[in-house]
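> Whenever a hint applies, use it, and build me the whole structure from the sequences.
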Amino acid sequence: MHLIWENLIPNLISLWTGGFKKLNQGQHTYGLSGTVWDAIGEATARSGDTIPTIFGPRMGNIAKDRSAATADAWSLWTLYLAPVLLRQRFAHARYYEHFVDLVQLLLLCLQFDISAADLEQIRQGFVRWVKKYEEYYYQYTPSRLPTCPVTIHALLHIADGIKAAGPVWAYWAFPMERFCGRLQPAIKNRRYPWASIDRRILELARLSQIKLVYNLHEELSLKPPVPPENVCRRGEVTFPEYPTCILGTPRRVIVPDKGLLDKIIGCLVTRLERQPNTIRMHLPHDIEQFGRVRILGAGDIIDAAALVRRAGDRRDRTYVRYEVFVDRFARRRQRLPEYELQTFYGRLEHLIVLQFNDPRGIIALGFDGPTTIVLAAVRPCSITGSSSKLDIHYYSQYGTLSLVDIQCIQCVVGRVPDGTSGKSWGLVDRSGALARALAVDD
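Residues 796 to 1237 in this note's numbering are what the sequence shown lists, from first letter to last.
No wet-lab data here; the hints were simulated from the structure. All the given hints hold, so there is nothing to weed out.
Cut-off 30 Å, straight-line C-alpha distance, at most; resulting in silico cross-link-like pairs (DSSO-like, lysine-lysine): (1) 927 - 1184; (2) 817 - 927; (3) 1218 - 859; (4) 816 - 926; (5) 927 - 816; (6) 926 - 958; (7) 859 - 817; (8) 1018 - 1006.
As structure tokens, this is what we get:
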């Protein structure tokens, strides 16, 4: 934490903005002008509305004030915001590529599990990164030696630390800082603060031992009880056909307009292999729409834009990554379909619940009994480009509304304004390999 988020990243920013120990750029041109850095700071603050809370804390304008940025905030900025905000901002692309290489190595370090091959990639990657750092910033000039603090050398030993202690997520989780934050309110005497802290630590230790000895973890917990993840909370509903998600309020019975109705019928035609008139005849009269879905298994909470209005400082969590099977030869009618799993991004507009309970409809549509189908209406983002090294994709326009099964939705994603264009956005995904669909042959 101290090595990367509270030293390396702030030092790099100081080098780019000309505030690092009164050193100029020397023989290189890695600096960012005041106008450019002000724009990056404003975009950082603006992205707080479009990055879901699950990603991390909301950041302010770092061009005006960096003192309020915590290690957690610098982590968010480095891994997800900066790769978009710094794109095409440097005079030469090599400085941006050097930073992206750092982000790629940090994401590799933060993987849930790390193989021997990953460990060697981390080791060799940091060696190459430090050599480039010395070339760009130190420039092998004795007067620029301050650009090489011990934290730069320490990067070369990250692989050794992982080999000795395991993946860094196990010990880069800021537990000591959180513990110190819990101790602060215990200080009741300014003249003798240490006595208050000592007493608080002693009381916490005693309480912890009583919980362990007498198995009273829940009874003596200082936090409100948290219900099991798969238990419906107030206003939530679940369906047996969908054990991986729970739908939540707001909840409405709707009469879909012709455009949405045609989309629903078209989706069911492909899914049920029935004629449009048959589906239209047996479509439920009461079509429900929900405003929120909670994905189980430590998944995300996602809002449907049609029912959940963003007000005040509420952060947007309507953009998703979803994966569906697509026929590779859809435009070649004479060829048999061959399906492959493809990834898409878009804005979740509607969560539609169709309950088929009528016996005639059940028979006509080929169901075994009463059946519920939950559809997600997504307006896809028209991807115009992607990062070759990071899971970041850019868009400026939307495609036509498409309907997919709710289980195709994998996770919520964030958006970062792309400074190279007033209308372009970068889509960032924090889930990595932990929220990916697997294609299993029947």
